[in-house]
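Q: Residue numbers (this note's numbering), protein chains in the order written: chain A, 1 to 575; chain B, 1 to 268.
Check before you lean on any hint, since a few could be wrong.
[What the hints assert, rightly or not] Simulated restraints, written as ranges between beta carbons of each label pair:
1) G413/A <-> G57/B: 25 to 35 Å
2) E215/B <-> T21/A: 17 to 27 Å
3) E490/A <-> T212/B: 48 to 58 Å
[Said to hold, decoys possible] With the Cβ distance kept under 10 Å, some of the chain B side facing chain A (calculated, not the full set):
4) R70
5) F158
6) E172
7) E213
The hints are simulated quantities; they were obtained by calculation from the structure and are not laboratory data.
Treat the numbers as computed from the prediction; the structure is a model and nothing was measured.
Glycine is no exception: its CB is placed at the ideal position from the N, C-alpha and C atoms.
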Amino acid sequence: MAIELSGVRYRYAGAAKPALTSIDLRLEPGRVLGVVGANESGKTTLCLVAGGFAPGVVGGRLEGSARIDGVETRSIPTHALALHCGLLFQNAATQLSNTTATVFEEVGFGPCNLGLAVPDVIERIWWALRAVGIEDLAPRDPARLSGGQGQLVALASVLALRPRYLILDEPTSELDPAGTALVVGALARVAEETGAGILLVEHKTDVLARIADEVVVLGDGSVSFAGPAAAVLADPVLAQLGVEPPAPVALERDVRAAGLDWPVELGGSARPGSAQAGLSDSSSVAPSAMSSSEPSAPSSSDPSATPSIELERVSFSYPDGTRALENVGLRIGPGELVAIVGQNGAGKSTLVRHLNGLLRPTAGRVLLDGRDIRSMHVARLAGRVGLAFQNPDRQLFAGRVSSEVAFGPSNLGLRGAGLDERVRAALDAVGLRPEADSNPYDLGYSRRKLLSLASVLAMRTPILVLDEPTTGQDARGAARVRAVVAAAAEQGRTVIAVSHDMRFVAECFRRVVVMRAGQVVLDGTPDVAFGEASWRELRAAYLEPPFAAVAGARLGLGATPTTSSFVAALARRAG
Amino acid sequence: MSFREVASEAGLPEYVRRRPGGFYRSVNPSTKLAIAALEVVAAFVVPGWPGPVLVLGAVLATAAVARRLRGLGIIALAASPIVGSILLINIFLLPGASDPIARLGPLAPTWSGLWFGLQTVARLFAFSAAIALVYLTTAVDDLLADLVRRGLGRRAAFVVGAAVQMVPRTIERAGEIVDAQRARGMDTEGRFWRRARGVVPLAAPVVFGALTEVEERTMALEARAFSAPGRQTLLRIPVDGALDRDLRWTALLGLVAVVGLRIAGRLG
Chain A
1 MAIELSGVRY RYAGAAKPAL TSIDLRLEPG RVLGVVGANE SGKTTLCLVA
51 GGFAPGVVGG RLEGSARIDG VETRSIPTHA LALHCGLLFQ NAATQLSNTT
101 ATVFEEVGFG PCNLGLAVPD VIERIWWALR AVGIEDLAPR DPARLSGGQG
151 QLVALASVLA LRPRYLILDE PTSELDPAGT ALVVGALARV AEETGAGILL
201 VEHKTDVLAR IADEVVVLGD GSVSFAGPAA AVLADPVLAQ LGVEPPAPVA
251 LERDVRAAGL DWPVELGGSA RPGSAQAGLS DSSSVAPSAM SSSEPSAPSS
301 SDPSATPSIE LERVSFSYPD GTRALENVGL RIGPGELVAI VGQNGAGKST
351 LVRHLNGLLR PTAGRVLLDG RDIRSMHVAR LAGRVGLAFQ NPDRQLFAGR
401 VSSEVAFGPS NLGLRGAGLD ERVRAALDAV GLRPEADSNP YDLGYSRRKL
451 LSLASVLAMR TPILVLDEPT TGQDARGAAR VRAVVAAAAE QGRTVIAVSH
501 DMRFVAECFR RVVVMRAGQV VLDGTPDVAF GEASWRELRA AYLEPPFAAV
551 AGARLGLGAT PTTSSFVAAL ARRAG
Chain B
1 MSFREVASEA GLPEYVRRRP GGFYRSVNPS TKLAIAALEV VAAFVVPGWP
51 GPVLVLGAVL ATAAVARRLR GLGIIALAAS PIVGSILLIN IFLLPGASDP
101 IARLGPLAPT WSGLWFGLQT VARLFAFSAA IALVYLTTAV DDLLADLVRR
151 GLGRRAAFVV GAAVQMVPRT IERAGEIVDA QRARGMDTEG RFWRRARGVV
201 PLAAPVVFGA LTEVEERTMA LEARAFSAPG RQTLLRIPVD GALDRDLRWT
251 ALLGLVAVVG LRIAGRLG
């Protein structure tokens, strides 16, 4: 009993080269097999082949042997695949049937397709909802859920079929930390209680450190190396393959690189579960030594200067009556680096859409350089505030990458050599210059996302707003985004980012605004926002501090939100 | 009622068991479809004013009691550009019309053109209002459940359901795309030619986005046993009482009668 891939080579129909060149792996029931690798290394294709969906549903040519419980996937009828393997992708919007009125019925869609008796369907629905922890969503309209909630519903919908194996392709990439923890907890429970084998593709190696038994690293369509999760995730080669190591591993590596000993109090960083130990058990953390906290990095803004942007008691309600913002007051000075964090649905994206006039406050006002933007056209504001949206597929339209990047600045009136120079610089910034003549839709999702970022960078606005810029990026892509933020900061531009990635937030931004239920509940430097005194507020907002902050608090080092601040504090203590 | 349908009433939560209440909304979806079919046919087959006027009267009266007049009003408003163009074309260009209302240079609006245009508009309104009333008084999933129960194929039902649900979702997606392009400086509030230049940046992501999602959607459906053989279990069983059956038969007989009389030339 297992999913077994042996000598697998797979090529999509019409593709010039194979997506998988040499894959051997085995997934047994009750085990969790993590898969990591750089973007476009073949992870999604591996999911499709392992589940029998390639070539079964998507076509293409499969060589070698792909078997589920000893049966070649080629010989399993499409409709029977669902009984063997549950498949889940990262985009909740494409996972749901769009034909049901309630989450309850959405989860029942699969069992109903099997023609099970109604009591059995009902029993499976409640079981799946409980397994994922979303019974309270049962009466809700699936079309009106946040991205994170939608993903949990999609997971429950797959679970309701009770497949022997679950194949999950970055199921937490769009989730907030609380949503991620919920999914991870549900998966661990499912693996233990049902004995299902789980193949889990993840960029978040902290997640794998917690639940994976083994990890496979993919590179260019083949298995680069594989082994027990703890050993693989601690291997230094991981970073070279474009994979970010788990936070404790990265921290230990930096500590040792600084010539310091890894504190025994923190245990072995590579042991599965240790990455989350401090986070999930924050009550056990030693009392904070906030008084010994190193000084926060000074903000680059001058408090006496005219603020770049100011929200005065802004409230906003959507036409259906949903109150998304409640009396928000925020003042962001020129050159500030501000991260806005909060759980899915906290109002972050709604807030940033007010900054360039896409949304107008129901009450209150938004001031740009002291002027109310109420009467200004969005097209005019676009020259001052550049906003890169979360989903690149909501904006890409051009036939060539370079034309896509040129769209924004040409709308601002730029032409000729000046325009070309901006396009080249923006493509260089995100590493897409070699793809300048490609069709945007020939790029993978992560590179389409970098392209949408480049298209806003090319507008060179004094204020740059990024909505979840690191989602779906591997280590290299995330490094590109960090470099973009750093470069913008050097140029004195204001950068405002919405993010679920606390490590990115702590390392790249000097101010953290925490939102909950449409309100700003915390606003301070990373030292303050991620310091132990704020943990209660963070937990209430369904957030978790970065691992460095937790480790620093555990050792009594004070506020250490970043790896570098942790290493510096440790060095000071060591004398 | 089969065993499976009885069982479904037992363990289902109230929000799934809940039946639509109120005048006309509680009528079985297939009954409403049958009535709409009669109205649509009558509006076009009965010559002159009686057809559209009677149908429009019946639909508006039903909508008023069912409190759905506002919804019909919005749909009528959305159709106003088409209505306007039909009137203009008929007033000025009806072939054979020779009773001018006035002379406007080379153009001569005619009374018979105006009369014919109004009649055509009335038919169009009667037709759209009859169909819109079904949409406004029926939950899509109730309609699909009823059609599947009567033997409509799972795939056909899914296509109908997805198409109906796609309208508001495409509008929502289009809104996001407009926002994304406006954020890159595209002028959607300026002069006409500027807005016309925005058609490709606005339309292309709708199409490309949908295409890139097709494969993922297909696999997501297959991963939920969409193509499993055998009959699908239904959780929603719309009410279908004796009155519904009588109404359906009456509507179908009425439809046959109207068509038959028209063919026999007995409707004038």
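Q: Could you run down the list of hints and mark each one as holding or not?
A: Tested hints:
1. Checked against the given bound of 25 to 35 Å, the beta carbons of G413/A and G57/B, roughly 57 Å apart, lie outside it.
2. The hinted window of 17 to 27 Å between E215/B and T21/A holds, with their beta carbons roughly 22 Å apart.
3. The hinted range of 48 to 58 Å is not satisfied by E490/A and T212/B, whose Cβ atoms lie roughly 35 Å apart.
4. The beta carbon of R70/B is not positioned within 10 Å of any beta carbon in chain A (closest approach about 15 Å), and the interface hint is therefore violated.
5. Annotation: interface hint on F158/B holds; nearest CB of chain A at approximately 6 Å, less than 10 Å.
6. For E172/B, the shortest C-beta to C-beta distance to chain A is roughly 9 Å, which falls under 10 Å, so the interface hint holds.
7. Given the 10 Å rule on beta carbons, the hint for E213/B holds: about 5 Å separates it from the nearest Cβ of chain A.
Figure legend: structure checked against the earlier numbered hints; hints not met, in rising order: 1, 3, 4.
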